[in-house]
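**Q** Protein chains in written order, with our numbering: chain Y, 1 to 140; chain Z, 1 to 246.
Hints were generated in silico from the structure; no laboratory data involved. Please note: incorrect hints may appear among the correct ones.
Unchecked claim - Which stretches of chain Z does chain Y cover? Using the computed rule of at least three CB atoms under 8 angstroms from a CB of chain Y, they are:
hint, region
1, 152–162
2, 232–238
Said to hold, decoys possible - To list a few chain Z residues with every Cβ distance to chain Y over 10 angstroms, as calculated:
hint, residue
3, Q48
4, A62
5, N98
6, L197
Built from N, CA and C at the ideal position, the CB exists for glycine as well.
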Amino acid sequence: MAYSEKVIDHYKNPRNVGQMDKASTEVGTGLVGAPECGDVMRLQIKVNPATRVIEDAKFKTFGCGSAIASSSLATEWVKGKTVDEALEIKNTDIVKELSLPPVKIHCSVLAEDAIRAAIGDWKKKNVAVEHSMATAGAAN
Amino acid sequence: MPAHDMTSFAEPPTKIVCWSCGRENPASAQFCDGCGKLQPSVPVDYFQFFGLPRRFRLDRAALEKSFYALSRKLHPDLYARAGAQEQQWSLEKSSLLNDAWRTLRDPLARTEYLLELEGVRLEEQSRNATDEAAASGTAKQQIVPPDLLEEVFELNMQLEEMRTAHASGQNDPAMAAGLQAARRHFESQLEEAMEQLQALWAEWDNAADAHNIVEQKAVQQKIVDLLNRRSYIRNLVRDVQQALAS
Ligand code: FES
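Only chain Z is shown next, with the shape it has when bound in the complex (with noise of 0.2 angstroms):
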């Protein structure tokens, strides 16, 4: 079942008739409320597959709960001796809880798959630009702000300078020292991107909740400058980590 192909949620069914005795379910039911059948697997975004809203912020342990119900109750052994669809259908729906888990569960993991329901190609946007400025014949609009890409330029430099005196064994403790003191304020750093990431998942999650569409893009544009300011820092702190096992 295409999970991924975004298209398919463009008109998501609301309601399903159950197939063994009729009664009409909610399309993201997986279990029939009247006769408790499994349902067949239709086309749901992994928010909908656990009836959740499409919100940014949600109840990790309340999720972990019913991720944990919905795998036993899912299970492809349980369905051993049922019918031929059933079975294939508890299969995609297991399949499909995991990914929807895995996603839900990991904050950015979850930010990057609400963004892309919401039309934002992440990965596009740089190759988009690209071309419209090859298009243009100017130099390409940067994604991120050129202060931003000097200050990562400099203190990529610097950290190859501190490296490159670590590796050829000068044990000099100031540079060790330097390093340690970069690899804080580096992580520091990621950490108070996390903290802004959370304050705009409450406006855009509260923005969807008053049903205001341009405050929600305009949010979501921030989200989308927040985390690729994020994955310049995070590869700094990739690169101090390493500088210091080495």
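Looking at chain Y on its own, in the form it has when it is part of the complex (with noise of 0.2 angstroms):
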């Protein structure tokens, strides 16, 4: 099966390969695992705490060229979103941005499940910040 000339673009220049400091409260970290093929896709974000905004991102994906280039684009996507604005990413967009075929989209879910659980585990981390926040928007 051809691989679309986006797929191999970030397949031969994946961007934001590389890796965050776990501990930080700023980095959350999201390790996904897709059953189907046994691929596994780390993806990290940093996030500004004071706007919420992802300012940095970065993967490391074991796994097909989709996977790869799937986990790559997540990471260009979701820099410069607030964590909320990247929630909206959804695997179809991936799906459509790197014309994957329908035995690719797992792959894609896999990007989308990264994504989510990145900002899960920063979420984890900023539990005070959430709180103080919610408390806010209620007195309004």
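Each chain sits in its own coordinate frame; assemble them with the hints.
**A** Here it is as structure tokens:
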């Protein structure tokens, strides 16, 4: 099966490969796996606590070309978005952008899962921040 | 014939009447017990096709024997001068026979197939969990335990390091030894998973014999978990073998 040009581009020049300090409170880490094929993906985000904007993102994927391209694209897309905006990214957007065939849909699902897991991890670390935001919101 | 349409197995017919002599035969019969004529193809699953109970464990040698016997008896050449219907049935049955044989003879394919008959959709479990997570706005419930993911990820990192060193032509004997050791480690884990699978097969089969549906479902879940775990180990084995071959 032929990969689309965009997949090949991301695969050959993956953006934002790397890792960040897992222990930092500004960093959220998502580690996910696709049992269908046994591939694993780690996606990390660095969030500005004041603005909740994702300032940086890194990934490392052990998987097929589509999974690498999906996670590479995901890191590009989340950067500059707030965590809530990033939660809106759907695997179908990735499928469209990369023209993934049906058998490769689960690879994009992995990327969506990874984004949500990374944000979930960041939120867990920042419950205090969340809480104060919620009360501020309620006061309005 | 929709051999893969599982819904058609919801209520399999138990008896069929021979079109030629009118005798009642079990639905899985390929030939009439009375007149020996080829019977119509009915939607049966692979186990039923071989007249086997739906169990994970089977006698591989006996299966092979009936496969060869049936392939001879069902061969379309034998029906070249028979009626159009019989010709059609022999074609359909021969193709079903081959699918059934290929699936049932392979322990993993058989396991996945039986799970599917029991309503487990291995391919969909992950997709469903993602949809649930998206709907509730929470992080997805991972199908495999997080510590296994951590372990697999770490092993992949180490493996990658060794591979890069290996590929860059550093003929580092320590590195090669490391890869060899990793290979032995993963291969033995794969074997271990196979042994665990066989133990679970026995548990499920016994529960099925005892009509203990609750127990069957519980064991089924354990089998799914094991298969998921196994696919990660299988990848590690594949990767380390590639590294060593390069
Ligand atoms: S084949 Fe598994 S992530 Fe692509």
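**Q** Now tell me, hint by hint, if it's right for this structure.
**A** Hint-by-hint comparison with the structure:
Three residues within the 8 angstroms Cβ limit are the bar, and the region 152–162 of chain Z against chain Y gives 5, so the coverage statement holds. With 4 residues having a Cβ less than 8 angstroms from any Cβ of chain Y, the region 232–238 of chain Z passes the three-residue criterion, so the hint holds. No beta-carbon of chain Y is positioned within 10 angstroms of the beta-carbon of Z/Q48; the least distance is around 28 angstroms. Here Z/A62 stays apart from chain Y, with its beta-carbon at least about 33 angstroms from theirs, past the 10 angstroms limit.
Every CB of chain Y is more than 10 angstroms from the CB of Z/N98 (nearest about 24 angstroms), matching its label as outside the interface. Z/L197, annotated as away from the interface, keeps every beta carbon of chain Y farther than 10 angstroms; the closest lies near 15 angstroms.
In this structure, none of the earlier numbered hints is contradicted; all agree with it.
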